[in-house]
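Undergrad: Following the hints, complete the assembly by docking chains B and C onto the known chain A.
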Amino acid sequence: MTPATLIPIPYTWILSLSAVLFVIGTIGVLLRRNGIAIFLSLEIMLNSANLAFVAFALEFAARRGVAVALTGQLFVFFIIGIAAAEAAVGLALFIALHRLKETIDVDRFNILRW
Amino acid sequence: MWAEIIVTLIKLAVVIGVLFTTVPIMVWVERRGSALIQDRLGPNRVGPWGLLQPVVDAVKLLTKENLIPDGVNRFFYVLAPAIALVVALSTFIVIPFGSDPGLKLFGHAIDGFIVAPGLNLGILYIFAIASFGVYSIVLAGWSSDNKYALMGGIRSSAQMISYELAMTVAVVGVLMSTSSFRLDSIVLAQTGTWWGFLPRWNVFPQIIGAITFIVAVFAETNRLPFDLPEAEAELVAGYHTEYSSMKFASFFMSEYINMVTSSALIVILFFGGWTLPGVAAPSGWIGAILTVVVFSLKVAFFLWFFVWVRWTLPRFRFDQLMGLGWKVMVPLSVLNFVWVGAAMALRIL
Amino acid sequence: MVTYVFLVAALLAVVFSLVTIAHRSPVVNVLSLAIVFFALSAIYAMVGMDFLAAIQLIVYAGAVLVLFLFVIMLLNIRSVERLGSGRPLQAALGAAAAIAIGVAIILVIARQSPSFGSLLPDTGKGTAYSIGRALMTTHLFPFEFVSVLLLAALVGALVLARKEER
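Residue numbers (my numbering), protein chains in the order written: chain A, 1 to 114; chain B, 1001 to 1349; chain C, 2001 to 2166.
Since the hints were made in silico from the structure, they are not lab data.
It cannot be assumed that every hint is accurate.
[Said to hold, decoys possible] To spell it out: a stretch of chain A is covered by chain C in this simulated footprint if at least three of its residues, at any positions, have a beta carbon under 8 Å from a beta carbon of chain C; those stretches are:
no., stretch
1, 24-36
2, 39-46
3, 79-92
[Claimed, not checked] Sample of chain A residues lacking proximity to chain C, with all beta carbon distances greater than 12 Å (derived):
no., residue
4, ILE9
5, ASN50
6, LEU112
7, ARG113
[Claimed, not checked] Residues from chain B that face chain C, not an exhaustive set, calculated with beta carbons under 7 Å:
no., residue
8, ALA1128
9, SER1131
10, VAL1134
11, VAL1138
12, TRP1142
13, VAL1294
Quantities reported herein were computed from a predicted structural model and do not represent experimental measurements.
Cβ coordinates follow ideal geometry from the N, Cα and C atoms, glycine included.
One chain only, chain A, in its complex shape (with noise of 0.2 Å):
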């Protein structure tokens, strides 16, 4: 029977790696104008998300000493359907935007403002 192959990754150096793109994406959504820009940026937040799941997923399953943690895999599954969707959505958004307006600049957006 072959040996178990060790994961030589902890979990920490994942996690932390989830907090840098976090932070990276947060100051995308924070400092561009470029509509498209945001959502990227957006979607490497979501990916920090996923990479936290993962993370806390092989912790679990090394602390239980199984192979596979199900639950934070499938909580990723489902944010990149998730996300798929949004991602879909929100370019609809922007196609109609632009159609309005011939600007994706978001701080042309302020007809709303008081």
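TA: What follows is chains B and C alone, placed relative to chain A:
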């Protein structure tokens, strides 16, 4: 560990070598085959029966001036054919070319004629890598600074992502009946016969899925009748209008390698891979080589089928193409999926 | 060996996500995000979640980003500005706040002590089998709900992007 690396490298080298020699053969088959179908002689001046024509073509493409037009976005212009070629070549590492005779080379078990035998994902890996192929087309069309190229690129990528869906659902039927993603398990599940004479190939119980998959694979590789993106009469040359010499050769090669991958997938998923009905594979190196020969003959038949269909059918218009993909192919493949599920529940399959 | 591959993948992810948020051309942003997704998919595969790695590539890198590319090309979206242009004070404050949050999170993480898990030998099925079973038995409701959600997104996107009838 070194034995494993060397064995994998040998397998990789053999596969890539075979692929790069298949491309000139396919070029010759395409030109002579089209001539045969159109009742004319094909190339017959260079070598007997024009057999050296692909060599001459390759020399021409290599020595042509490597032109980069003025207004293109240089980075993406050069990146697009590179992506196309890398994606086309990367899909081959999970395709089983022959049986696993349990042989050893340099003390390491060869594990069958697959480059990556341990990959449990199998066909999902092929789908993941092939979904990157859309990028090469979109980037080629967009970076070319040419409205025909952009239209060709957008149309082609829209066509590819639409037919990817039908292709995937058609394959799910096969995956359900085999309960595995691995291509060698899918081949092994198709050994034997029903009632003594009908081979246990997946095409017979899942004929709708097979037809859907074959049509979808024609659309994925941008071959006629789905080649409006490269239509010579309508769009100059579609997304590779502005490409010449080696970059065009990369697109050309990647199209033929995609054809080989698609034929290999059709054979493995629906036509039994390297198995022959009623004949068990003999053991040892001879048996393994024989199974590779059987596989190659089946793939060669489907490559000829690709060429045959190209020069027989007229081209679809783009709206007809998209309507076919979404309104006919997807429902048909879902129907196949439901049929396979019902058959498995009733224990027919 | 796996550790080095992880470090390379992490480095790629960080560098190219910086390119994603900072570069002015939208197409370069999308393509660097594709590389980030590739690196993340590699990380998922390294910890034994192979099905997730494939799904990440097929759905995220292969479909969602192509959608982004289509929209950018069809609307002919040019770059609008550089990072944080026009409002330097707010930009600095926002970046500082984000970095402060990040540092706080990393400080908390650094206090944990990880236990090392292992991958059981290859059963020939991979994680797809377990995920599929779970989706059909214990997590059936979210699975069906996500399919309804995707249908709603499909219809919504069609309605929003449709040209208005005159």
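Undergrad: Against each hint, give a clear statement of whether it holds in the structure.
TA: Okay, the hints, checked on the actual structure:
Note: the stretch 24-36 of chain A has 11 residues with beta-carbon separation from chain C under 8 Å; the three-residue rule is met and the coverage holds. Given a C-beta distance limit of less than 8 Å, the hint that chain C covers the stretch 39-46 of chain A holds, as 5 residues qualify and 3 suffice. Under a criterion of three residues with beta carbons nearer than 8 Å to beta carbons of chain C, the stated coverage of the stretch 79-92 of chain A is upheld, 12 such residues being counted. For ILE9(A), the condition that its CB be more than 12 Å from all CB atoms of chain C is violated, with the nearest at approximately 5 Å.
Listed as a non-interface residue, ASN50(A) fails to keep its Cβ farther than 12 Å from every Cβ of chain C; the least gap is roughly 7 Å. The non-interface label for LEU112(A) is consistent with chain C: the shortest C-beta to C-beta separation is roughly 18 Å, beyond 12 Å. At roughly 16 Å, the least C-beta separation between ARG113(A) and chain C is larger than 12 Å, which holds for a residue marked as non-interface. Among the interface hints, the one on ALA1128(B) holds; its C-beta lies about 4 Å from the nearest C-beta in chain C, closer than the 7 Å criterion.
Given the 7 Å rule on beta carbons, the hint for SER1131(B) holds: about 3 Å separates it from the nearest Cβ of chain C. A least Cβ separation of about 5 Å between VAL1134(B) and chain C falls short of the 7 Å threshold, and the interface hint therefore holds. A distance limit of 7 Å between C-beta atoms decides the matter here; for VAL1138(B) the minimum to chain C is near 5 Å, and the interface restraint holds. Against a cut-off of 7 Å between C-beta atoms, the interface hint on TRP1142(B) holds, since the closest Cβ of chain C lies about 5 Å away.
Hint status for VAL1294(B): violated, given a least beta-carbon distance of 25 Å to chain C, over 7 Å.
The structure is inconsistent with the numbered hints 4, 5, 13, although it conforms to all the rest.
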